[in-house]
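If you want the building blocks of each chain, they are given just below.
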Amino acid sequence: MGLALALAVIVITVLSCYFFWAHTWWFPIDISTHGPAIDHQFMLTLVITGIIFVAAQFALAYAVWKYGSKKDGSKARYSHGNNMLEATWTLAAAVLFIGLNLMGYKTWASIHFVGAQPGAMQIEVWGQQFAWYFRYPGPDGKFGPVHVEKVDDSMGNFLGLDRDHDADSKDDIVTATLGLPVNREVNLILRSKDVTHSFYVRELRMKQDLVPGMEIPIHFTATKVGRYELACAELCGLGHYKMRAFVDVMTQEDFDKWLAEQAATQ
Amino acid sequence: MSETHAAHHAPTGFIRKYIFSLDHKVIGIQYYFLALFSVFVGLTLSILMRLHLAWPHTAVPLLDKLSPLGAPGGVITPEYYLSLLTLHGTLMVFFVLTTAPQSGFGNFILPIQIGAEDMAFPRLNMMSFWVTFLALIVLIATFFISDGPPIAGWTNYPPLSAVGGAAGPGMAVGDTLWVFSIAIFCVASMLGAINFIATTLDLRARGLSLMKLPLTCWAWFITAILGLLSFAVLLAAGALLLLDRMGGTSFFIPGGLIVSDKILSNHTGGSPLLWQHLFWFFGHPEVYIAILPGMGVTSHVLSTFARKPIFGYRAMVYAMGAIAVLGFGVWGHHMFVSGMSPYSAFAFSILTMAIGVPSAIKTFNWIGTLLGARIRFDSPMLYALGFVSIFVTGGLSGIFLGQPPIDIYFHDTYFVLAHFHFIMGVAAIFGMFAGTAFWFPKMFGRMMNETLGKVHFWITFVGVYAIFMPMHYLGLEGNPRRYSEFIDNFLVPLMPLHRFISIAAFITGGAQLIFLANLIWSLFWGKKATENPWEATTLEWTVPSPPPFDNFAGLHPVVYHGPYEFSVPGAEKDYIMQTDAEVLKEG
Numbered sequence: 315m316g317l318a319l320a321l322a323v324i325v326i327t328v329l330s331c332y333f334f335w336a337h338t339w340w341f342p343i344d345i346s347t348h349g350p351a352i353d354h355q356f357m358l359t360l361v362i363t364g365i366i367f368v369a370a371q372f373a374l375a376y377a378v379w380k381y382g383s384k385k386d387g388s389k390a391r392y393s394h395g396n397n398m399l400e401a402t403w404t405l406a407a408a409v410l411f412i413g414l415n416l417m418g419y420k421t422w423a424s425i426h427f428v429g430a431q432p433g434a435m436q437i438e439v440w441g442q443q444f445a446w447y448f449r450y451p452g453p454d455g456k457f458g459p460v461h462v463e464k465v466d467d468s469m470g471n472f473l474g475l476d477r478d479h480d481a482d483s484k485d486d487i488v489t490a491t492l493g494l495p496v497n498r499e500v501n502l503i504l505r506s507k508d509v510t511h512s513f514y515v516r517e518l519r520m521k522q523d524l525v526p527g528m529e530i531p532i533h534f535t536a537t538k539v540g541r542y543e544l545a546c547a548e549l550c551g552l553g554h555y556k557m558r559a560f561v562d563v564m565t566q567e568d569f570d571k572w573l574a575e576q577a578a579t580q
Numbered sequence: 005m006s007e008t009h010a011a012h013h014a015p016t017g018f019i020r021k022y023i024f025s026l027d028h029k030v031i032g033i034q035y036y037f038l039a040l041f042s043v044f045v046g047l048t049l050s051i052l053m054r055l056h057l058a059w060p061h062t063a064v065p066l067l068d069k070l071s072p073l074g075a076p077g078g079v080i081t082p083e084y085y086l087s088l089l090t091l092h093g094t095l096m097v098f099f100v101l102t103t104a105p106q107s108g109f110g111n112f113i114l115p116i117q118i119g120a121e122d123m124a125f126p127r128l129n130m131m132s133f134w135v136t137f138l139a140l141i142v143l144i145a146t147f148f149i150s151d152g153p154p155i156a157g158w159t160n161y162p163p164l165s166a167v168g169g170a171a172g173p174g175m176a177v178g179d180t181l182w183v184f185s186i187a188i189f190c191v192a193s194m195l196g197a198i199n200f201i202a203t204t205l206d207l208r209a210r211g212l213s214l215m216k217l218p219l220t221c222w223a224w225f226i227t228a229i230l231g232l233l234s235f236a237v238l239l240a241a242g243a244l245l246l247l248d249r250m251g252g253t254s255f256f257i258p259g260g261l262i263v264s265d266k267i268l269s270n271h272t273g274g275s276p277l278l279w280q281h282l283f284w285f286f287g288h289p290e291v292y293i294a295i296l297p298g299m300g301v302t303s304h305v306l307s308t309f310a311r312k313p314i315f316g317y318r319a320m321v322y323a324m325g326a327i328a329v330l331g332f333g334v335w336g337h338h339m340f341v342s343g344m345s346p347y348s349a350f351a352f353s354i355l356t357m358a359i360g361v362p363s364a365i366k367t368f369n370w371i372g373t374l375l376g377a378r379i380r381f382d383s384p385m386l387y388a389l390g391f392v393s394i395f396v397t398g399g400l401s402g403i404f405l406g407q408p409p410i411d412i413y414f415h416d417t418y419f420v421l422a423h424f425h426f427i428m429g430v431a432a433i434f435g436m437f438a439g440t441a442f443w444f445p446k447m448f449g450r451m452m453n454e455t456l457g458k459v460h461f462w463i464t465f466v467g468v469y470a471i472f473m474p475m476h477y478l479g480l481e482g483n484p485r486r487y488s489e490f491i492d493n494f495l496v497p498l499m500p501l502h503r504f505i506s507i508a509a510f511i512t513g514g515a516q517l518i519f520l521a522n523l524i525w526s527l528f529w530g531k532k533a534t535e536n537p538w539e540a541t542t543l544e545w546t547v548p549s550p551p552p553f554d555n556f557a558g559l560h561p562v563v564y565h566g567p568y569e570f571s572v573p574g575a576e577k578d579y580i581m582q583t584d585a586e587v588l589k590e591g
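Read top to bottom, the protein sequences are chains Y and Z. If you use the numbering used here, the first sequence corresponds to residues 315 to 580, in order. If you use the numbering used here, the second sequence corresponds to residues 5 to 591, in order.
Any given hint could be a false lead.
Stated by the list, open to error - Below, in silico cross-link-like pairs of lysine-lysine (PhoX-like), each with a Cα-Cα straight-line distance of 25 angstroms or less:
#1 Y:389 <-> Z:216
#2 Z:577 <-> Y:380
#3 Y:385 <-> Z:577
#4 Z:266 <-> Y:380
#5 Y:384 <-> Z:532
#6 Z:21 <-> Z:532
#7 Z:216 <-> Y:385
#8 Z:266 <-> Y:384
#9 Y:456 <-> Y:380
#10 Z:266 <-> Y:464
#11 Z:266 <-> Y:556
#12 Z:577 <-> Y:389
No lab work stands behind these hints: they were computed from the structure. Quantities reported herein were computed from a predicted structural model and do not represent experimental measurements.
Build the full structure now, drawing on both the sequences and the hints.
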């Protein structure tokens, strides 16, 4: 029984590690400037926890194999422990875990402790059950005010803009796809109309909740042209799984053209 | 003490003996069967969920009878999937993981292990069970209302949960019942917790100092303290949520919301994040409420079947204490991407990493206990060894999620699902399996079938790895959780892996019927158990199986030794009971 259990534990451990090792399922490419630091921190953690995982499971397998077969009638080793060992592994675990955490501190700080540069492009991201809308401020660089009572999805006024009376709203552009210029920092302002949603773009290594009543900024720079998927990552109701949109990262030229097309349809 | 003893005689009527019983042993068994019912309902829900995820258009026979709206023609709708998900989580977390390890085994075993004839407050004990029962009835009732169960998950985040039926199916009456059920459950848990704390502190046998307590008792004691402090906060949060839903208040609802094309004009000034803080202030200690008793059982069973003293008894006690204290300071790691201050994320993250340290200490000590042992592979031991393996696996993925930059990617993906199912789901369940196999002879006076036990262990141990290990890989791919279907372009290629997980879940779920069959068969036809079939050392093994009504037949046991005196050099046998007067020679 001891040998069988030891083998089972070893096989499970090796198989589990293999699929991490072989990248059978893996992260999508990273298209952000902050992403490599996240990926690096992940890899570092994977290696360290991987070593602990293998060591602990193998130690367990060894113990059940080695001490599961003695039938000579002798007694087990009588020991209540070893304070020196306790102190050693307590300290080692503390240094390792907390040290690992501190190494990731800079990455978190660069994403969240500093805001976007002054020249960053401003875009509002709006979540609602079960759709995404994006608002660009237009040439004036200002978002017009939102009037809750004017929201009318059937008339296409998703955000409740009053283009007739509010000067700032006149040139605002509302889209259903998030268009982004490549290699330019953007500052997204996340807002929700109804319940909590979450902005998740895998390739941007970015996830942030949209909380009703709050305006939450996130900033990043997309580095690779292409079409990516935006998914909602916070349970928001029956259509949560289909609350999706596309993120199109374009050259500045294509982006300008796209935005002009969008402006024409407002 | 003598007064309660005088009043403490066995009832004779069926109702006072088995239904409204004051006997901690009956109440423990009642809790156990309540959890057993809940776990099989919860398991069935998860099987339906896995079926829907892998083959979304399959018709399930009879399901349309239960819910014509949720499963027209037997095919589960996306919203009914969310109902199943919500009830699965709620049943498992509250009515299984909180109930069986603590209130079930704790109630039955703790008083006997400390040499008491009952819990400190038998009437309170009876009340806490029946209040829990009421909470379960209220929750199960959501299946039978036309609206169906709520769809907001076991975390029930507002505003989704605060604005009523506008938010979706099940969010009107269904969600109100959910909050009531949880609030009732909180009351029951606090009553139970007070009882456990008082019992452990006041009713210990002569000679049984705290540092001679079995680790199971330490686990139940510390869990009770966690429960008392955390369920109080959840109760308050539930009351506020009910007020928002029914009383027109705005604790969690900010102004200017438009839900289903309607402006919620009478709400203003609330904060959805407030709920998350209150919920997780309960919710994270809850994880330890679920797992600490499993750690206690595992330590106890490992030492007994290794025939070796537990390695580092004091370190084990201190580690559990440290987990309990730190456990109250880490709730924010559920909220790294919630919109709370990123500076506080940093603090929560440091404390989260710190709580990995006592968890690591426990693992080291379990392996230390096995080195130099003479292992007996009875089924309780197999489950306990399974616990250690699964605890390591589930714990290590926490090292990823506890780091905010990595959590950005993994939050609310299947990586999280893998993590908490391993650590608080499966590990805790293995603790319960170990407890069942170990204490069944004491509880029911009969042995469980060993062959069935081993078959069940093997299928389940391999099965849970087959189910939950691949969920890490789905997490790497960024697969979000709580999705009813996978229609995004990046999710469609993952369907084969989802189907593999579903098949593994069907097999492993089916194998639980072996456990159930073994349990029922052994209740009636199992081999009669002797007083101490495992040659264990603690007080419950000094009384008949099952124990008489007042446990010790009116005698007061005296304790001389620590709980894990195995293989003492010079001793006649390879174990010394806690009550043996034999003098210990230092080895």
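Each hint, compared with the structure:
Between residue 389 (chain Y) and residue 216 (chain Z) the alpha-carbon distance is near 23 angstroms, which keeps this suggested pair within the 25 angstroms criterion. For the proposed pair residue 577 (chain Z) and residue 380 (chain Y), the alpha carbon gap of about 23 angstroms is at most 25 angstroms, so the pair holds. Using a Cα cut-off of 25 angstroms, the hinted pair residue 385 (chain Y) and residue 577 (chain Z) holds, with the two alpha carbons roughly 16 angstroms apart. Our distance criterion of 25 angstroms between C-alpha atoms is broken by residue 266 (chain Z) and residue 380 (chain Y), whose separation comes to about 68 angstroms.
A C-alpha spacing of about 29 angstroms is found between residue 384 (chain Y) and residue 532 (chain Z), which places the hinted pair above 25 angstroms, so the restraint is violated. For the hint linking residue 21 (chain Z) to residue 532 (chain Z), the alpha-carbon distance of about 23 angstroms falls within 25 angstroms, and the restraint holds. Distance restraint check for residue 216 (chain Z) and residue 385 (chain Y): the Cα-Cα separation of roughly 31 angstroms exceeds the 25 angstroms cut-off, and the hinted pair is therefore not satisfied. With a C-alpha separation of about 73 angstroms, the suggested pairing of residue 266 (chain Z) with residue 384 (chain Y) is violated against the 25 angstroms cut-off.
A hinted pair counts as satisfied when its Cα atoms are at most 25 angstroms apart, and residue 456 (chain Y) with residue 380 (chain Y) does not qualify at roughly 72 angstroms. For the hint linking residue 266 (chain Z) to residue 464 (chain Y), the alpha-carbon distance of about 11 angstroms falls within 25 angstroms, and the restraint holds. The suggested pairing of residue 266 (chain Z) with residue 556 (chain Y) holds, with an alpha-carbon distance near 22 angstroms, which does not exceed 25 angstroms. A threshold of 25 angstroms between alpha carbons decides the hint, and for residue 577 (chain Z) with residue 389 (chain Y) the separation of about 9 angstroms falls inside it, so the pair holds.
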